[in-house]
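Residue numbers (the numbering used here), protein chains in the order written: chain A, 41 to 507; chain B, 41 to 507.
Just so you know, not all the hints are guaranteed correct.
Identical copies go unnamed one by one, so any copy, or any two together, can satisfy a pair.
The calculated PhoX-like cross-link candidates involving lysine-lysine, where the alpha carbons are at most 25 Å apart (straight line), are [what the hints assert, rightly or not]:
| no. | residue 1 | residue 2 |
| --- | --- | --- |
| 1 | K124 | K294 |
| 2 | K315 | K391 |
| 3 | K268 | K124 |
| 4 | K486 | K499 |
| 5 | K341 | K391 |
| 6 | K486 | K475 |
| 7 | K347 | K315 |
| 8 | K465 | K475 |
| 9 | K391 | K499 |
| 10 | K341 | K475 |
| 11 | K292 | K315 |
| 12 | K294 | K315 |
If you are wondering where the hints come from, they were derived from the structure by calculation, not from laboratory data.
Number of protein chains: 2
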Amino acid sequence: MPIDLRLDPAEVPLLNDLYEFTVSAAFFERGMNAQACFDVGVRRLAANRGYMVMAGVERVLEVLENFRFEEPALAHLDSLGLFKPDFLDFLRRFRFTGTVRAMPEGSLFFAGETVMEVRGPLIEAQIMEPIVLNQLGIASVLATKAARCYSVGAGRRLVEFGLRRAQGADAGLVAARSSYLAGFHGTSDVLGGRRYGIPVFGTMSHSFVMAHEGERRAFEDFARSFPKLSTVLVDTYDTLRGVHNTVAVARKLKDEGISIQAIRLDSGNLEQLSKQSRRILDEAGFHDVAIFASGNLDEYKVADLLKVGSPIDAFGIGTALTTSDDAPAADYTYKLSEYDGRPRLKTSAGKVSLPGRKQIFRALDASGRYRGDIVGLIDESVLMVKREFRPEPDRVVPMLEVMLENGNRVLPRPSLAESRERFMKSFEAVDPRHKAIRNPDPYPVKQSAALGAMIISEKLRAETLQD
Amino acid sequence: MPIDLRLDPAEVPLLNDLYEFTVSAAFFERGMNAQACFDVGVRRLAANRGYMVMAGVERVLEVLENFRFEEPALAHLDSLGLFKPDFLDFLRRFRFTGTVRAMPEGSLFFAGETVMEVRGPLIEAQIMEPIVLNQLGIASVLATKAARCYSVGAGRRLVEFGLRRAQGADAGLVAARSSYLAGFHGTSDVLGGRRYGIPVFGTMSHSFVMAHEGERRAFEDFARSFPKLSTVLVDTYDTLRGVHNTVAVARKLKDEGISIQAIRLDSGNLEQLSKQSRRILDEAGFHDVAIFASGNLDEYKVADLLKVGSPIDAFGIGTALTTSDDAPAADYTYKLSEYDGRPRLKTSAGKVSLPGRKQIFRALDASGRYRGDIVGLIDESVLMVKREFRPEPDRVVPMLEVMLENGNRVLPRPSLAESRERFMKSFEAVDPRHKAIRNPDPYPVKQSAALGAMIISEKLRAETLQD
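Isolated chain A, as found in the complex (with noise of 0.2 Å):
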């Protein structure tokens, strides 16, 4: 079997930077292992982003409920010739035994907001750091971008198509499962349909008509052989004779009671040949063979052609969408905020991390509106923070929930459909100024009045530590 493109559970605490266990072995040596708080959020918005959305959280869970070092895994450790061998003997015995707050997948999020909150002993915290990251990240980056597309699809029917383009095998089954969460219909990946349920979709390919002695005959072909599922791709050559090759074929076969479903169309000028081809289907009587576009789209271009009124019932997205190509990463950090009782911060120039254990407070209007979020520490209520808000909103919630405890899961999994669903409310409740696809308008967030003055006591401490 291919063994280079696997990723075996075993291998995962190794997927990790060297510092995190010169570091862990340091803390262990001087014996430093109290509560550690470790808030994960991101710094600054991509460009165009008003927004982000949340996805990967039940997969760092899995992973951090599961953390174990194997004997092939520390003998690889041993041979750095960095790690003494009582360090090792405390990661053969490691497990994550703290608590991981999170905003449930599918909520919104914004800058400067604690998204997860990663608490437990010093070194089982600092450990999971890159493995969080990279997860929570390419997970919410591209339902992020899938948001983007299902804002402007307006009910179209989206359709996850970039596996191919997709930065790796991981990348390509994340992109199917952040995309369904963030309102597509489906994948054309089997596997990504496979492990998370989600309805998988195809078509054809240039290859199938070109290996045919003529195009008509291949969509006939196709049509036989799959009466439910016939997509013909129309633009191998010219793509309007394609249209009419297509009408020809579904006129021949109408009479042996086989349909095609759509037609597809995958280069040229999508606006002109989608209303040429909807013309000429119609025509012929065929009103009810939909119009499936793709080729290099994003959420731009699809917004553009539907301004243009461009009869278009599905579309393909797929490099764009799976490499989020605008923005393939988020700034997210994974930043110390509380060890042993005591608050800490980093003043790094343009990185100031946030002090303190947080929870986000989120202003809703009596219809459910998001109106603005407060960044507020753990122990401050809903009610004190409320008053914070101008004018005072009808409902606050706090984001962050309790996912893990001891190491173990308090909430039950929720399902992809779930978390789905929770993604359309949530994006329902934002106002449309802050979703618009490029330039929108910050959505408010703002720090408590009991932060702020955390975070100025803890920069003067700061300017004591380097004394």
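Using the hints provided, position chain B relative to the given structure of chain A.
Only chain B this time, still in chain A's reference frame:
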């Protein structure tokens, strides 16, 4: 163990687009399974790219050699309700029995060139499309980005630091391998180091400093734990005070025979800070303490920093590298070029493919420099093609080598070190004007007269295929 963050080898055949199975089933039903040839290549290079670096070949070959449908995969395909038992039986016996020709890893290639040819019975070659594109794509996109960093690094030590922001687990691993292939010195990723034998590097986390009650104490603790690996992170609070604290700690530890190897700058104005830090270190007599810089670096910033003489000895490059943020995908295609002995092409608007089996002929001058490439047909001789270059070059080298025959390897697998060596030589052989990181001159690639004639005749034939 974490079950979702894994890729089981038995799942690989399902990491595939649904249409690969439906078109294969339709081919199967018609008995269409004659010899087919698919060309893999990049139609257009992304912005600011003058070349790409071939990578991912070894993994692709391994996948093809080991592609098997096991019972759970077959049961899943059966559950889709689309496939007949005899097709599933066919998949049960499926092996890739064909031939693969490709440019070896580390080769430089250009737009419009065939970089891999997958040839075999139609269905065998068809079904490999997504995994071949997915894996060659990520590996060569990241190798190309790494080569760009290498091209401006002027011999400085470059370390891949981007696991945490890579697009998933697989991309993290590929990033480690591809960047080493293209001239990096190592990676922070322990698993990447283990799998591929790449040197691993690590510095220190901000949390290490923040968990301590003082910066000097943190530096001292770390240096005592890792007297051979102590790069201290000086920007948690005020960077220059951090450098002075490094000096103080280095002085204290000197008497005990412990030295600090480097400081790491991770924020702020790296030019100014590196110059100021160098001065502080030098004035204190610590000429041998190196300066390591990181923090949202890419090839553009590294070039700018070195142009103004920043005394930086090593760079840690993360997000921009491991996502290839300015060009996260390449325009890779997998196109049928021959079926059943006949050349094939598509004529889609802006996406015309090239018919026939190819060879890439590269002209070299007396000193081994690349002069230009010709995309020709496989049966053209080097002697014939040589005359098509003007002026006639010293030497013409065919770039595509047979790697699999009858589904088995014919060449010994090169080591990563050998491929890295090949990259360095290839890179050296390309004229600097094609390697500029901004607006490079296009490298000359033309089609042979024989291929040109075939294109004309096949376009004429394509006209008839829609009648």
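- prompt: Is it within a copy, between copies, both, or neither that the alpha carbon of K292 lies no farther than 25 Å from that of K315?
  reply: within (24 Å within a copy, 78 Å between copies)
task: Please work out whether the CA atoms of K391 and K499 approach to 25 Å or closer within one copy, between two copies, in both situations, or in neither?
output: within (13 Å within a copy, 58 Å between copies)
task: Using 25 Å as the alpha carbon limit, work out where K347 and K315 are close: within a copy, between copies, both or neither.
output: For K347 and K315, the Cα distance is within 25 Å only inside one copy (13 Å; across copies 53 Å).
query: Is it within, between, both or neither when you check K341 against K391 at 25 Å Cα-Cα?
result: between (35 Å within a copy, 18 Å between copies)
message: When Cα atoms must be at most 25 Å apart, do K315 and K391 count as within-copy, between-copy, both, or neither?
response: between (50 Å within a copy, 21 Å between copies)
- request: Pop the pair K486 and K475 into one bin, within, between, both or neither, using alpha-carbon distances up to 25 Å.
  value: For K486 and K475, the Cα distance is within 25 Å only inside one copy (19 Å; across copies 46 Å).
- request: Pop the pair K486 and K499 into one bin, within, between, both or neither, using alpha-carbon distances up to 25 Å.
  value: within (18 Å within a copy, 62 Å between copies)
message: Cα distance capped at 25 Å. Does K294 pair with K315 within a copy, between copies, both, or neither?
response: This pair counts as within: shortest intra-copy Cα distance 24 Å, inter-copy 78 Å.
query: At most 25 Å between C-alpha atoms: does K465 with K475 qualify within a copy, between copies, both, or neither?
result: For K465 and K475, only the intra-copy Cα distance (14 Å) is at most 25 Å; the inter-copy one is 49 Å.
- request: Indicate which option fits the pair K268, K124 if close means a Cα-Cα distance not exceeding 25 Å: within, between, both or neither.
  value: between (63 Å within a copy, 14 Å between copies)
- prompt: Can you tell me if K124 and K294 fall within 25 Å by alpha carbon in one copy, between copies, both or neither?
  reply: between (76 Å within a copy, 23 Å between copies)
- prompt: Can you tell me if K341 and K475 fall within 25 Å by alpha carbon in one copy, between copies, both or neither?
  reply: Only inside one copy: K341 and K475 sit 16 Å apart there, 32 Å across copies, limit 25 Å.
Against the hints set out earlier in the document, no violation occurs for any number.
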